[in-house]
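Residue 1 is where the sequence shown starts when you use the working numbering, and the numbers rise one by one after that.
Calculated directly from the structure, the hints in this document are not laboratory data.
Even for Gly, the Cβ is constructed at its ideal location relative to N, Cα and C.
Accuracy of the hints is not assured; some may be wrong.
Here are the simulated distance ranges between beta carbons [claimed, not checked]:
id : residue 1 : residue 2 : range
1  : 168       : 12        : 51 to 59 Å
2  : 106       : 10        : 33 to 41 Å
3  : 264       : 239       : 16 to 24 Å
4  : 272       : 84        : 28 to 36 Å
5  : 182       : 92        : 15 to 23 Å
6  : 217       : 242       : 22 to 30 Å
Straight-line Cα separation of at most 25 Å, PhoX-like style, residue types lysine-lysine; simulated pairs [unchecked claim]:
id : residue 1 : residue 2
7  : 84        : 154
8  : 154       : 172
9  : 167       : 89
10 : 167       : 154
11 : 84        : 167
12 : 172       : 89
13 : 84        : 15
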Amino acid sequence: MIDLLLPFQYEFFIKGIIVSVLLGGICGLAGVYIILRGLSYVGHGLSHAAFGGAIVGNIAGLNYYVGAIIWSYLASFVIYEISKRNKIKPDAAIGLVTTAIFAFGVLLVSMTNRYTRNFESLLFGNILAITEQDLYIIVSVTILSGAFFFLLHKRLVFSFFDNESAKISGIKTSYIELLFSFVLATIIIVSMSSIGVTLLASVIVGPAISARLLSNNFSNVVFLSIIIGSVASFSGMYASFFLDSSSGPTIVMFITLGFGITALYAVFKKIYHSHSHGGLSHSHPHLHTDEHRHEHEHKHP
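Throw the hints in and build the complete structure from the sequences for me.
Structure follows, in structure tokens:
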């Protein structure tokens, strides 16, 4: 008989559970704003930039986090400037800049053969290798990032939902977008060694997409995305113990499973409403935000 409580007898597993739940929740929260902004690729791109920075930092004798922060922040700023000053869409700038930084990191690894911080754990993640210092940093970043989204929620939503109207109302949208990029880069950096560069994009956008299928109300989507991200990460971490599998890929599989379930639910819900209204589907594909409505009413009384 399987002892379902057996994993919790190990300190390393408890630490891994805490990290996975925190990262799943904060990545799910950030993912909602990424989807609203229409930049689903940014999580994938910035994780590649952070990887390149981590490698460069290690080779230069710097702390892992220092190198990753410098390069990912630099990438965020360059992407912002390219998109702002040229007729280039953000996704194109993200693809070019972050891939170049990632390639530079891989090039340095191949030239120096220095694996000062487990190359594979950066690519595929290793939650069970998290140190006490990593745990404290992840907890701190989760709290500070959550505070950022809570305090600037209305400005973020209005800027991303209707950028032109936000500018007219006096919101410094450029500042908001750049600050958001820095916060997102920080979340990605602390998640990278746990989830992995190649898997992180799914953990960021997966819960948000699933939540979006369940509700059209922005506040509900935020809440559901956090819950889905945390529950899927916990489930994946817990299952990986009994499956004897890598935690990162297992977490991604559970996030994907969650998306599959919500997608089926959305389909059956649409079919049910279609039949109950005599073949007429009354779906509302647009995301409703109370903040945007209030701002619009304030501008057009």
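Outcome of the hint check:
1. 168 to 12: 51 to 59 Å: holds (53 Å)
2. 106 to 10: 33 to 41 Å: Check passed, 34 Å falls within 33 to 41 Å.
3. 264 to 239: 16 to 24 Å: holds (21 Å)
4. 272 to 84: 28 to 36 Å: violated (45 Å)
5. 182 to 92: 15 to 23 Å: holds (21 Å)
6. 217 to 242: 22 to 30 Å: Hint violated: Cβ distance 37 Å, outside 22 to 30 Å.
7. 84 to 154: holds (23 Å)
8. 154 to 172: holds (13 Å)
9. 167 to 89: Holds - the C-alpha atoms of residue 89 and residue 167 are around 19 Å apart, at most 25 Å.
10. 167 to 154: holds (14 Å)
11. 84 to 167: holds (14 Å)
12. 172 to 89: Cα-Cα ~20 Å, so holds.
13. 84 to 15: violated (42 Å)
When the structure is compared with the earlier hints, violations turn up for hints 4, 6 and 13 and for no others.
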